[in-house]
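K.L.:
Sequence:
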Amino acid sequence: MIIQILDTINDDIKQIRTDVFIKEQGFEEEFDEIDATAKFILLWSEGRAVGTCRFFPGTEPGEAHVGRMAVRKIHRGQHLGEKIMKAAERAIRREGFTSCSLSAQVQAQPFYESLGYTAEGDTYLDEGCPHILMRKVL
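Under full-length UniProt numbering, think of the first position of the sequence shown as 1, with each following residue one higher.
If you are wondering where the hints come from, they were derived from the structure by calculation, not from laboratory data.
Fair warning: this is a prediction, and the values are worked out from it, not measured in the lab.
A portion of the hints provided could be inaccurate.
[Stated by the list, open to error] Estimated spans, in silico, between C-beta atoms of each pair:
#: 1; residue 1: V137; residue 2: E24; range: 15 to 25 Å
#: 2; residue 1: E113; residue 2: Q25; range: 16 to 26 Å
#: 3; residue 1: L125; residue 2: Q4; range: 16 to 26 Å
#: 4; residue 1: R90; residue 2: E60; range: 12 to 22 Å
#: 5; residue 1: R93; residue 2: T37; range: 25 to 35 Å
#: 6; residue 1: G96; residue 2: D19; range: 12 to 22 Å
#: 7; residue 1: E82; residue 2: D19; range: 19 to 29 Å
#: 8; residue 1: P61; residue 2: G26; range: 29 to 39 Å
Cβ atoms here follow ideal geometry from the backbone N, Cα and C, with glycine treated the same way.
Using the sequences and the hints, build the whole thing.
P.N.:
Below, the structure written as structure tokens:
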């Protein structure tokens, strides 16, 4: 297993996000201006790019925001999402951030809670999908 931290989005990341968020989950607005400045985590397993996320400065002082966390469907259930998030948190700490936020799909809330994230506020819709803001002190 190899984890890369990249300063720019690449075709492997784009393909994972297209497969998971557009083809599988039906989102339409997957790519945005944040991709131009975010940093990316890319997880490889057996020579194949299997998961990713991005991070960028959040809205609060000292906070980074993690987003677009995705693992290819065929590779789920192997704790790869946890590996991606832990790699992101290490990279975020190295960048000098002291906390992390994310906008979790409500169905993924238990996953993020298992990693120490706490839900804040009410749920809201993002492209019709219920989400909730979650935060963690690193």
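K.L.:
None of the hints should be skipped; say for each whether it holds.
P.N.:
Status of each hint after checking the structure:
The hinted range of 15 to 25 Å is not satisfied by V137 and E24, whose Cβ atoms lie roughly 32 Å apart. Between E113 and Q25 the beta carbon distance is about 21 Å. The supplied range of 16 to 26 Å therefore holds. A hinted range of 16 to 26 Å is violated for the C-beta pair L125 and Q4, which are about 33 Å apart. Distance hint check for R90 and E60: the Cβ-Cβ separation is about 20 Å, which falls inside the suggested range of 12 to 22 Å.
Distance hint for R93 and T37: a CB-CB separation of about 19 Å, inconsistent with the stated range 25 to 35 Å. Range check, G96 to D19: Cβ separation about 33 Å, and the 12 to 22 Å hint is violated. Here the CB-CB span from E82 to D19 is close to 20 Å, well matched to the stated 19 to 29 Å. Checked against the given bound of 29 to 39 Å, the beta carbons of P61 and G26, roughly 35 Å apart, stay inside it.
Consistency note: the structure conflicts with the earlier hints numbered 1, 3, 5 and 6.
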